[in-house]
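S.K.: Sequence:
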Amino acid sequence: MSRHAKNSSSSGRLFTRRRLIKSAGAAAAAASVGAVALSRAQAAQEAVPADAIIIGAGYAGATVARELAERGLKPVVLEARDRVGGRVWTNTWAGEEIEIGGSWLGPQQELAHAELSRYNIGTFQDVAAERVVMPGNNGLVTVSPADAAATVDPLWESFYEGSAQYFERPHEPLYRSDLLADVDPLSLQDRLDQLSLSPTELEILNGETSIYSGGPSTIGSLTGMAQWIQLAGGTYQDYLTTMSLRPEGGMIAILNAMLDEAQANVRLNTAVTGITEQNGKVTVTCSGGGQFTAPVVVVAVPVNTWKSITFNPGLPTAHARASSEGIGVPHATKVWLQIKGNVPATQGMAREGTPLPMLIPQQQTAEGRLMIGFAGPSLNVNDASAVQDAVRTYLPNATLVRYRAMEWAKQQYTKGGWGLRRPNQLLSLFPAIEEPHGRIVFAGADIARGWHGAFIEGAIESGLRAAGQAAELA
Numbered sequence: 009m010s011r012h013a014k015n016s017s018s019s020g021r022l023f024t025r026r027r028l029i030k031s032a033g034a035a036a037a038a039a040s041v042g043a044v045a046l047s048r049a050q051a052a053q054e055a056v057p058a059d060a061i062i063i064g065a066g067y068a069g070a071t072v073a074r075e076l077a078e079r080g081l082k083p084v085v086l087e088a089r090d091r092v093g094g095r096v097w098t099n100t101w102a103g104e105e106i107e108i109g110g111s112w113l114g115p116q117q118e119l120a121h122a123e124l125s126r127y128n129i130g131t132f133q134d135v136a137a138e139r140v141v142m143p144g145n146n147g148l149v150t151v152s153p154a155d156a157a158a159t160v161d162p163l164w165e166s167f168y169e170g171s172a173q174y175f176e177r178p179h180e181p182l183y184r185s186d187l188l189a190d191v192d193p194l195s196l197q198d199r200l201d202q203l204s205l206s207p208t209e210l211e212i213l214n215g216e217t218s219i220y221s222g223g224p225s226t227i228g229s230l231t232g233m234a235q236w237i238q239l240a241g242g243t244y245q246d247y248l249t250t251m252s253l254r255p256e257g258g259m260i261a262i263l264n265a266m267l268d269e270a271q272a273n274v275r276l277n278t279a280v281t282g283i284t285e286q287n288g289k290v291t292v293t294c295s296g297g298g299q300f301t302a303p304v305v306v307v308a309v310p311v312n313t314w315k316s317i318t319f320n321p322g323l324p325t326a327h328a329r330a331s332s333e334g335i336g337v338p339h340a341t342k343v344w345l346q347i348k349g350n351v352p353a354t355q356g357m358a359r360e361g362t363p364l365p366m367l368i369p370q371q372q373t374a375e376g377r378l379m380i381g382f383a384g385p386s387l388n389v390n391d392a393s394a395v396q397d398a399v400r401t402y403l404p405n406a407t408l409v410r411y412r413a414m415e416w417a418k419q420q421y422t423k424g425g426w427g428l429r430r431p432n433q434l435l436s437l438f439p440a441i442e443e444p445h446g447r448i449v450f451a452g453a454d455i456a457r458g459w460h461g462a463f464i465e466g467a468i469e470s471g472l473r474a475a476g477q478a479a480e481l482a
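Here our numbering = 1-based position in the sequence shown + 8.
Don't read these hints as lab results, they were simulated from the structure. For each residue, glycine too, the CB sits at the ideal point set by N, CA and C. It cannot be assumed that every hint is accurate.
Below are the DSS-like pairs computed for lysine-lysine, each with C-alpha atoms no more than 30 Å apart in a straight line [to be verified]:
id	residue 1	residue 2
1	K315	K289
2	K315	K423
3	K315	K418
4	K82	K315
5	K82	K289
The calculated label-pair distances, taken between Cβ atoms and stated as ranges, are [to be verified]:
id	residue 1	residue 2	range
6	D397	E176	42 to 48 Å
7	S204	Q116	27 to 33 Å
8	A189	N287	38 to 44 Å
9	S185	G349	51 to 57 Å
Please model the complete structure; the sequences and the hints are all you need to start from.
M.R.: Structure below.
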């Protein structure tokens, strides 16, 4: 179906174990055996006693819910979507389990592995590339993974030179703030400009920096990616292992287990529009007209969506700046592709500005090879012909059977993709952005001090910190 590939809608539905309860009585009965999700209309009609209100049923929110429940508190979780997970979304497509959002874990991510152990969830290795298509002196060339590493690794080593010093303790990013003053203002593009790179070497690096930036490499910060490298172990090959493991049952598995253990009262289709603190209580107003009141509220949604919520009193300086500037990257489009036939497991990388700067192989199926593409802003993912042409950059004879695109920046309750700090945000936002605003606490991977932005490890870390803060206020 080379010119008529099927573009599956990105609005597919994840059916979790959360049941939709049709009455308050049924909700009370179900609360003893699992997480409870109610409709917006019910949420508007019911006054539910809560020790804490958690906004957002992603990994940070689920962590907070579980931790507060362990302390004997009763949280209510408000989720705007009709599913839990946030920027994690495990689904089925082309007969296979796929990840519409976050996809991978790394062996270094200790908090995530502690959760896997807690819930007896196994992992498996993702598909390894058999060959790599990458920039060469005369356009794209096909090489072995070993030859690609021999070319790429020294370039990244040069790119991240010095980061072992300014992130001497990467879990404590401000430990060497004296050294960070010179590098935190730098974008990824600024760092590329500092290096003496040939045109081909620049193309090898800037395709990846543009993907992580969510557009031009001018958007993302050097310190953001440099911290990831040091957290991973200090080398680019170490960093690649953070995209090597997948949990049995999908990326949603740990989150579902957390909510089940918490017996979490999850209200789906309940979008929050306002948060007001007054007289020792916090009142949350929802778009359907409902209100919830508790001693403390935890805001566990992407920073880019904070501007959709009216805070009274207004946000403090660091939080207001983060909300205005954004942290979630502005362009994050993930495309699942099925390529007809028996296709080699091909990894692709191309320069910034190309329609598909990154291609990652996935499993071979009876119909063809599944692959993940990360699209640049120039690719119109609604045009099947354009998507196939982009794939043919790496696989010239490829026939696209079907594809599914998710444009995270266009999602109302995300307004961006994975998080990556902007230049100057590390020193200007931290540690203030980790502190409560009165009885309002903030959580999420975007504001994690360790594995920030693109990893559930950061969401769990941030959720653990926020749960402790919320418990003291409840």
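S.K.: Next, verify each hint and record whether it holds.
M.R.: Evaluated hints:
Straight-line distance between C-alpha atoms of K315 and K289 comes to about 22 Å, which keeps the hinted pair within the 30 Å bound. For a cut-off of 30 Å, the pair hint linking K315 to K423 stands: about 10 Å separates their Cα positions. Between the alpha carbons of K315 and K418 the distance comes to roughly 15 Å, so the proposed pair stays at or under 30 Å and holds. As the CA atoms of K82 and K315 are separated by approximately 28 Å, the hinted pair is consistent with the 30 Å bound.
For the suggested pair K82 and K289, the alpha carbons sit about 15 Å apart, so the restraint of at most 30 Å is met. With their beta carbons about 46 Å apart, D397 and E176 fall inside the hinted range of 42 to 48 Å. Distance hint for S204 and Q116: a CB-CB separation of about 31 Å, consistent with the stated range 27 to 33 Å. For the pair A189 and N287, the beta carbons lie near 42 Å from each other, so the given range of 38 to 44 Å is met.
In this structure the hint that S185 and G349 lie 51 to 57 Å apart at CB holds, the actual value being about 54 Å.
When each numbered hint is compared with the structure, no violation occurs for any of them.
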